[in-house]
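Visitor: Put the two chains together into one complex; each comes in its own frame, and the hints tell you how they fit.
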Amino acid sequence: MGTTLVPRAPEPLASTRDPASAANATVVVHGTSKWFGTKVAVSDVSCSFGPGITGLLGPNGAGKTTLMRMITGLLKPSEGSVSVFGTDPRKDPDVYRRVAFVPEEDAVYAHLSARQLVRYAAELSRCDASAAAVDAAIASVNLLDAADRPIAQYSKGMRQRAKVAAALVSKPDLLVLDEPLNGADPLQRAVLIGIFHELAAAGRTIIVSSHVLAEVERMTDRVIAILDGKLAAAGGIRAIRAAMTHIPHRVRIDADEPRILARALMDLPAVVGVRFEDGGLEVETSNLAALGTALPALSIQRSVRVTRFEPVDASLESVFRHLLSIRR
Amino acid sequence: MTPLLAIVRVTIRQLTGRTRLLGFSLLNLVPAPLLAAVSRAANPAALDLELGVLLVLPFFALVIPITTLIVASSALGEERRDKTLSFLVLRPISRLEIALAKGIAAATVSIGFAVLGALALSLTWLAVGGSFDVFPSILLGGTLACVMYSTVFVLLGNVVVRATLVGLIYILFFEIIIVDNLPRLAPASLWRIGLGATIDTMPTHFPARALLAALGNWVPSLGSALIVTSAVAFVTIGLSTILLHRTDAV
Chain A
1 MGTTLVPRAP EPLASTRDPA SAANATVVVH GTSKWFGTKV AVSDVSCSFG PGITGLLGPN
61 GAGKTTLMRM ITGLLKPSEG SVSVFGTDPR KDPDVYRRVA FVPEEDAVYA HLSARQLVRY
121 AAELSRCDAS AAAVDAAIAS VNLLDAADRP IAQYSKGMRQ RAKVAAALVS KPDLLVLDEP
181 LNGADPLQRA VLIGIFHELA AAGRTIIVSS HVLAEVERMT DRVIAILDGK LAAAGGIRAI
241 RAAMTHIPHR VRIDADEPRI LARALMDLPA VVGVRFEDGG LEVETSNLAA LGTALPALSI
301 QRSVRVTRFE PVDASLESVF RHLLSIRR
Chain B
329 MTPLLAIVRV TIRQLTGRTR LLGFSLLNLV PAPLLAAVSR AANPAALDLE LGVLLVLPFF
389 ALVIPITTLI VASSALGEER RDKTLSFLVL RPISRLEIAL AKGIAAATVS IGFAVLGALA
449 LSLTWLAVGG SFDVFPSILL GGTLACVMYS TVFVLLGNVV VRATLVGLIY ILFFEIIIVD
509 NLPRLAPASL WRIGLGATID TMPTHFPARA LLAALGNWVP SLGSALIVTS AVAFVTIGLS
569 TILLHRTDAV
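Keeping their order, the protein sequence lines are chains A and B.
Counting from 1, one number per residue, gives the positions in the first sequence under this note's numbering.
Counting from 329, one number per residue, gives the positions in the second sequence under this note's numbering.
None of these hints come from the bench; they were simulated from the model.
Fair warning: this is a prediction, and the values are worked out from it, not measured in the lab.
A virtual CB, placed ideally from N, CA and C, is assigned to each residue, including glycine.
Among the hints, a few may not be true.
Said to hold, decoys possible - Computed far set for chain A versus chain B, every beta-carbon distance over 10 Å: (1) 73; (2) 136; (3) 185; (4) 186; (5) 199; (6) 258; (7) 293; (8) 305.
Unchecked claim - Restricting the straight-line Cα-Cα distance to at most 27 Å, the calculated cross-link-like pairs of lysine-lysine (BS3-like) are: (9) 39/A with 91/A; (10) 411/B with 156/A; (11) 171/A with 156/A; (12) 76/A with 39/A; (13) 171/A with 76/A; (14) 411/B with 76/A; (15) 411/B with 171/A; (16) 91/A with 411/B; (17) 39/A with 411/B; (18) 156/A with 91/A; (19) 91/A with 76/A.
Extracted from the complex, chain B is given alone in its bound form (with noise of 0.2 Å):
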């Protein structure tokens, strides 16, 4: 096995302890219940409109960025802190390997949570709306989130002692709040770009325009979506390895 994949066999291992799967597939599982609740109570000539909203906003701004911050932060900030970074470091290997092998691990256990998250919804889509072809479209647009969050917050998690609390503010303060009042700001906030993507293939059938008024200023494609989600990762991936290589390791 190269160093690489077993760099992202043992991350993966790593980020997936018992405690965090039973609570991040909870937490993921959270929007198809309400979605579900809601679907009795609504008023059937709004129905449609508010299934829209409420079948993915909770998903992709609040359960996708929460579940990947803590795990990506993880990634390489629990190496720091247990002090076992110096067993990466020192190996005849380059830091863009381990920087992209912990991106590729954190955004492969980000998008193994998603999948349930999105497996969950389309199901309770399937119930209420009669159809499970919006599953792709989710599934699609939640995993350009995770590439996004993921790459982002390994390099957050390398560079700060309290990736976590930082994160927290981006997503809660900065992406929900600040973005939601200067609708300019919509293509710094990760996850409206990947709802774009979602946004771009959902099936006509799917009354997508309610979610449009999230998305702000800018409403992307699914190739802007990729553009940006590439260049995103390319550039943080590309710090990450600048920072293993330029600071101390201990």
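Chain A on its own, in the form it takes in the complex (with noise of 0.2 Å):
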């Protein structure tokens, strides 16, 4: 056990609380709950989504993936409801005439090829399933070349896109796209994400999740992100930036000189709290980039070699973490 030295109060937070609800919305989620079992997988969420690309973040086993299967009415909400384009889409099926989704897992005909899968795709949307339309969709994803393959011998990224033909071919006016960009190279998530900019700005409803914060900073600034099931935070993506850069940080610092340069490090404003932990020191920030730029001054001014300076919590996961504890 590690001795705590002068704890200091965190400094305030960034605002968090942006709005979940979008303007026009075409999907509403209101009160959603899903339980499987005894396991709550989503709980009491209410979000909305609109024209252009929503991000859906959150770490994995998140609730992410179940959110959006009730939105698009795989799953059926234990509580609350959800309306896409106005309508249930469990009561009505004629609304997937414009809703297009395309899964996480490799669900895909294996025995079939890009092509045939995405003529399949045609037929059972009732739209234009001629050979024109068919290879339109698979070359917007950079396909033709193997699209008389099976799939089973595709690579992951290459069946992602196969999946993200078949779902295009519809031409959707919502898209819901659960981790699209797994396994793809950065060539392909640069063709996929200039895809999801076109369909956006077309007007379209597109709703991408990842757990990679990056990842969907690259599509768009609105983000509704979900922890542990609950809606964790909404809104613009700097404020998700913010929050990481306020709230405390556990950083792990080691040098040969600990106590020298733990006494300066109290001396920081953004430093709240100091521990000995394993012959080194693991130090609580609320301004990680501040307390960063400070430690190279501070290590010359003292004489302490650092050897290390790791965040130990700067995951995504404990800033959804956070952010969840502030709206509770």
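Guide: Okay, structure coming up:
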């Protein structure tokens, strides 16, 4: 066990209460919960999505996929309601003329080729299943060269693109994509993100889930953050970034003279507390960037050699967990 | 192409992989060489009866049910297992169309194998008994059995993860052992209903009387078999539709 030195009150946090409702909402989630036996996957989430791209952000297991499945009508909410274009998708299958879903898992017919899969999707959606329409959808994801190979032979990234092509062929007004960039290489990611931007510019509603903040940031500024099945934050991605900077972080610092460094660190406004831990320091800071900037000067000033500077809890999950505690 | 036909087309392809085609073709051809072997070894006086029984019983009681079980339980079961069901249900098509298409596809594949088996048996009968006219009767009864088993096992595959095991218990334990000892339960045995239609339409020279013992208390006519088949298909496709609508599709 380490010893705690003079704890300091945390600095005020940036506002994280961004509105969860979108203008001109096409998808409205109201007081929605979903539980499987005793496990609560989504708990009382209310939010809405409108034209443009909205990122559904959260760590793995946060409840993003369950929420997306309820939005598409694959799962029936245990409580609350979901409305897509003003109707309950589970009661009115006609709404699926305007909706497409790209699941995260390898949910594809491996025995079909991409061309057969896209044609099948078009036929099921009662839209143009002509060779030209099918080829256009496949070409949009740069998969024409491999279009006649069985999907079983595709890489994960190619399978993702085949699924996106199958979703695009019906020209949906609402596109729901669960971790669509998983397995895609940087070039493929750029292609897919370009497609999502084009669709958003055309007034379509795009919901994209991801557990990687930087990935979502490339696609959109509007984010709905989920943690432990609850709405953790909603609104601009800058608020999330700000929260990442301003919430208390724990940083592991190793140095040849830890006691001298600890005393020096306590004078910094950004430092909330310092503990001695396994021969090093565990520093709680309200401003990670400020601490990172001040540390080199401090170590030179006090002649202390710093050998390690590593955030212990800088994951997105810790940020969301903090945001969630604020909402409660 | 309509969504219903598109689902039928893709499902048939899904259910007829190379291994399945080969395995089920062999299984459906097994009773024919059995018949040929017995025809050489049997006592000429009892030949007709033994041939009559051997010709159709293994085909109806084992080959058709087992083939259809494996084919039909995969029709929706594989979609659930491979998580491709979302590809079907998130479309502007009714759950009835999906259940119906799956039933049609499973029945089509099963009947395809049954045609092969019936053809092999009838050709053997041609060689042994001198006529091919048993083919329509065997095919008719086999077709009705395939339709009933297909719709029942499509439903089973949608509900139970271990549908093959549950189906085998029904076929081997209930239909063969229980019904054999409690003939009153014969109307709940699907192959016996198909066999009833076959016996009802067999040419008079065929020793069909040998098969009556296998049917138990109830010997359905062709008309009764058609009514029961329609009722079973209607109820099971209806239940599949309701389940697809009410349950989560993942």
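Visitor: For a C-alpha distance cap of 27 Å, please report whether residue 171/A and residue 156/A respect it.
Guide: Holds, at about 24 Å.
Visitor: Please confirm whether residue 73/A is truly not at the interface, meaning its C-beta sits more than 10 Å away from all C-beta atoms of chain B.
Guide: At roughly 7 Å from the nearest Cβ of chain B, residue 73/A sits no farther out than 10 Å, so the non-interface label is violated.
Visitor: Since residue 258/A was said not to touch the interface, does its Cβ keep a gap of more than 10 Å from each Cβ of chain B?
Guide: holds, 52 Å
Visitor: Is residue 76/A close enough to residue 39/A, meaning Cα to Cα at most 27 Å?
Guide: The given pair, whose Cα atoms are some 15 Å apart, holds under the 27 Å limit.
Visitor: For the pair we were handed, residue 156/A and residue 91/A, check the Cα-Cα distance against 27 Å.
Guide: Violated - the C-alpha atoms of residue 91/A and residue 156/A are around 34 Å apart, more than 27 Å.
Visitor: When you check the alpha-carbon spacing of residue 171/A and residue 76/A, does it fall within 27 Å?
Guide: The hint holds at about 25 Å.
Visitor: So is residue 186/A really clear of chain B, every C-beta pair being over 10 Å apart?
Guide: With a cut-off of 10 Å, residue 186/A remains clear of chain B, as the shortest Cβ separation is near 27 Å.
Visitor: Does the alpha-carbon distance linking residue 91/A and residue 411/B stay inside the 27 Å limit?
Guide: holds, 21 Å
Visitor: Check the non-interface label on residue 305/A: least C-beta distance to chain B beyond 10 Å or not.
Guide: holds, 54 Å
Visitor: In terms of Cβ atoms, is chain B entirely out of 10 Å range of residue 199/A?
Guide: holds, 18 Å
Visitor: Report holds if the minimum CB distance from residue 185/A to chain B is greater than 10 Å, and violated otherwise.
Guide: Per Cβ check, residue 185/A is outside 10 Å of chain B; nearest 24 Å; holds.
Visitor: Need the status of pair residue 411/B, residue 76/A: alpha-carbon distance at most 27 Å?
Guide: Between residue 411/B and residue 76/A the Cα gap is close to 17 Å, so the pair holds against 27 Å.
The structure fails hints 1, 18 (numbered hints given earlier, in ascending order).
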